[in-house]
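Student: Listed here are the chains, written in short residue letters.
There are 2 protein chains.
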Amino acid sequence: MRLSKEQLEQFDRDGYLFFPGLFTAGEISLLAGEVPQLYARREAYNVREKDSDAVRTNFAAHMYSEPFARLARHPRMVGPVMDLFGEAVYMHQFKINGKMAFAGDVWQWHQDYGTWLNDDMMPTERAMNVAIFLDDVNEYNGPLMFIPGSHKKGVIEARHDLTTTSYPLWTVDDALIARLVERAGGKNGGIVSPKGPAGSMILFHSCLVHASSSNLSPWNRVSVYLSLCAVSNHIRRFQRPEYIAHRDFAPIECLPDDCLLKAYPVQLPWKDGVPASALQTSPVPIEEMRKAA
Amino acid sequence: MRLSKEQLEQFDRDGYLFFPGLFTAGEISLLAGEVPQLYARREAYNVREKDSDAVRTNFAAHMYSEPFARLARHPRMVGPVMDLFGEAVYMHQFKINGKMAFAGDVWQWHQDYGTWLNDDMMPTERAMNVAIFLDDVNEYNGPLMFIPGSHKKGVIEARHDLTTTSYPLWTVDDALIARLVERAGGKNGGIVSPKGPAGSMILFHSCLVHASSSNLSPWNRVSVYLSLCAVSNHIRRFQRPEYIAHRDFAPIECLPDDCLLKAYPVQLPWKDGVPASALQTSPVPIEEMRKAA
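If you're matching them up, the sequences are chains A and B in order. For the first sequence, counting from 1, position 138 maps to 138 in the working numbering; every step adds exactly one. For the second sequence, counting from 1, position 27 maps to 320 in the working numbering; every step adds exactly one.
Bear in mind the hints are in silico, worked out from the structure with no lab data behind them. Hints may be right or wrong, so weigh each one.
[To be verified] Label-pair restraints from in silico Cβ distances: (1) D467/B - G21/A: 28 to 38 Å; (2) P490/B - P285/A: 50 to 60 Å; (3) S345/B - K152/A: 44 to 54 Å; (4) R583/B - K50/A: 21 to 31 Å; (5) A333/B - D174/A: 15 to 25 Å.
[Stated by the list, open to error] Within a straight-line C-alpha distance of at most 25 Å, the following computed PhoX-like cross-link-like pairs (lysine-lysine) qualify: (6) K343/B - K480/B; (7) K298/B - K195/A; (8) K480/B - K298/B; (9) K445/B - K488/B; (10) K584/B - K343/B; (11) K50/A - K343/B; (12) K446/B - K480/B; (13) K262/A - K291/A; (14) K187/A - K298/B; (15) K343/B - K298/B; (16) K343/B - K195/A; (17) K5/A - K153/A.
For glycine and all other residues, C-beta sits at the position ideal for the given N, C-alpha and C.
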């Protein structure tokens, strides 16, 4: 899938592109069907909500689940991102975010790149967020909210929020959010939230400021969030476990377009468990580690 | 203001009526302008959010603030409620709910009548909720959500939620909410959330199941919630402080329609402070208290 000139301009202006119903119901059901048994596992890669046992985020399913390993190589997803970067990409982060019915908690306003810079020493913002809906998304089940154009601010000062929810995040302060929303149109378009059927996809800039509300509805809002990083822009520090910030910088090689429906072979390196090395972390940059070795 | 036959039928079927822009911008600004100084007071009647200093609920402003004392007697608000009950009404509860920008927390699914029955021994559901928007309400600032027709279930079993937020509430369990939403149309109308400009009003049945999400937006969503009870249906127990559940069962006497704009005289019995008697509570029904006295 290639992007049109209009789409490239829209992405530059707004910081996101929305593709409603990009994946079919048949494709999505193969992914969604896998989620309950992944969420049921008592593993470090399942982060649960602060006030309940519901899973907030599952990490790195493409390393141990066949359907998600194939999604990670899907040309409909990887193609547009390579188009935007003009370069091969690798998988920096792979999440299945729960936002489960009645239990899904808020994600405060943040930029993803802020975290990747502060924690992972990713050199520039040449990394892309991809959201793929595994459930229908409506105004009641905690949809993603964006501030259009906020990616143009580059990296924004953030504070490390360790208390609001169960997952630590570098979040943006309220006064700045208010200014960004005002600049983007205030109550006329200053916040947007793309909604659509399961199978829809959003690409959004790693500096686009986003958040999502709690889910009080009876409808799960499970989404896959992938972060694809330009290979030249790989992270420089392994301060977070490998299941959160990946360390394999090899370019993604796409499978054919029907790869969710047909059983193309894929490697599942963590099929028998997460290796101990993936849990090892270090505050020292890779380069210094190599010099010291 | 009188209700039409269609409105009466709609209320019976759906459990609510929405009146967008019922009060003018000029009328609302006189009310909204009072709120900051009311919220700033360090008084028992200001309940603050669990995780911040923002006010979640202010109680009983009509007892100590002139503009709100006049609103409590407004014919545009009281008239339709008397129409629906065919009886005089008194003020059971008067709240100014904050749902402040960035800080407003969720209200879990609940029926108001559940609380009035369990805590206040209100005999039947002949009491009406009225919401008046002091700010514009949109999909981003935590609008009220209703399950249409859920009032037909009557009183639903509930559990006393003392942990989710800072205000104790009798809340309804998740499985039942899912069934009610499905019965009301599922993803096609099973949940509704009336949105509109400041000055809009909602009337909703005291058994209508409702909730609201958190407010992550930069826009306050302050609303006045009044509960008007048919005089014959007054509460039978003073288990909660009087600023929460009022004990004066005298019928409301309406002021003229321009009462927000003109300084008609009103009594402000708590102008100089909440009397000690209003803080006294008892688990014993009024009738038994009287017998014992």
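Student: Each hint should be assessed against the structure and marked as holding or not.
Tutor: Hint-by-hint comparison with the structure:
Remark: the range hint 28 to 38 Å for D467/B to G21/A is upheld by a beta-carbon distance near 29 Å. At about 54 Å, the CB distance of P490/B to P285/A agrees with the hint of 50 to 60 Å. Checked against the hint of 44 to 54 Å, the pair S345/B and K152/A fails, with Cβ atoms roughly 30 Å apart. The hinted window of 21 to 31 Å between R583/B and K50/A is violated, with their beta carbons roughly 47 Å apart.
For the pair A333/B and D174/A, the supplied restraint of 15 to 25 Å holds, since their beta-carbon distance comes to about 19 Å. Using a Cα cut-off of 25 Å, the hinted pair K343/B and K480/B is violated, with the two alpha carbons roughly 31 Å apart. Of the supplied pair hints, the one linking K298/B and K195/A is violated, its CA atoms being roughly 36 Å apart against a limit of 25 Å. Between the alpha carbons of K480/B and K298/B the distance comes to roughly 29 Å, so the proposed pair goes past 25 Å and is violated.
A C-alpha spacing of about 23 Å is found between K445/B and K488/B, which places the hinted pair at or below 25 Å, so the restraint holds. The suggested pairing of K584/B with K343/B is violated, with an alpha-carbon distance near 41 Å, which exceeds 25 Å. A threshold of 25 Å between alpha carbons decides the hint, and for K50/A with K343/B the separation of about 15 Å falls inside it, so the pair holds. The suggested pairing of K446/B with K480/B holds, with an alpha-carbon distance near 20 Å, which does not exceed 25 Å.
A C-alpha spacing of about 45 Å is found between K262/A and K291/A, which places the hinted pair above 25 Å, so the restraint is violated. At roughly 35 Å between alpha-carbon atoms, K187/A and K298/B are farther apart than 25 Å, so this suggested pair is violated. With a C-alpha separation of about 43 Å, the suggested pairing of K343/B with K298/B is violated against the 25 Å cut-off. Restraint check: the Cα-Cα separation between K343/B and K195/A comes to about 30 Å, which exceeds 25 Å; the hinted pair is violated.
Restraint check for K5/A and K153/A: satisfied, since their Cα atoms lie roughly 23 Å apart, inside the 25 Å limit.
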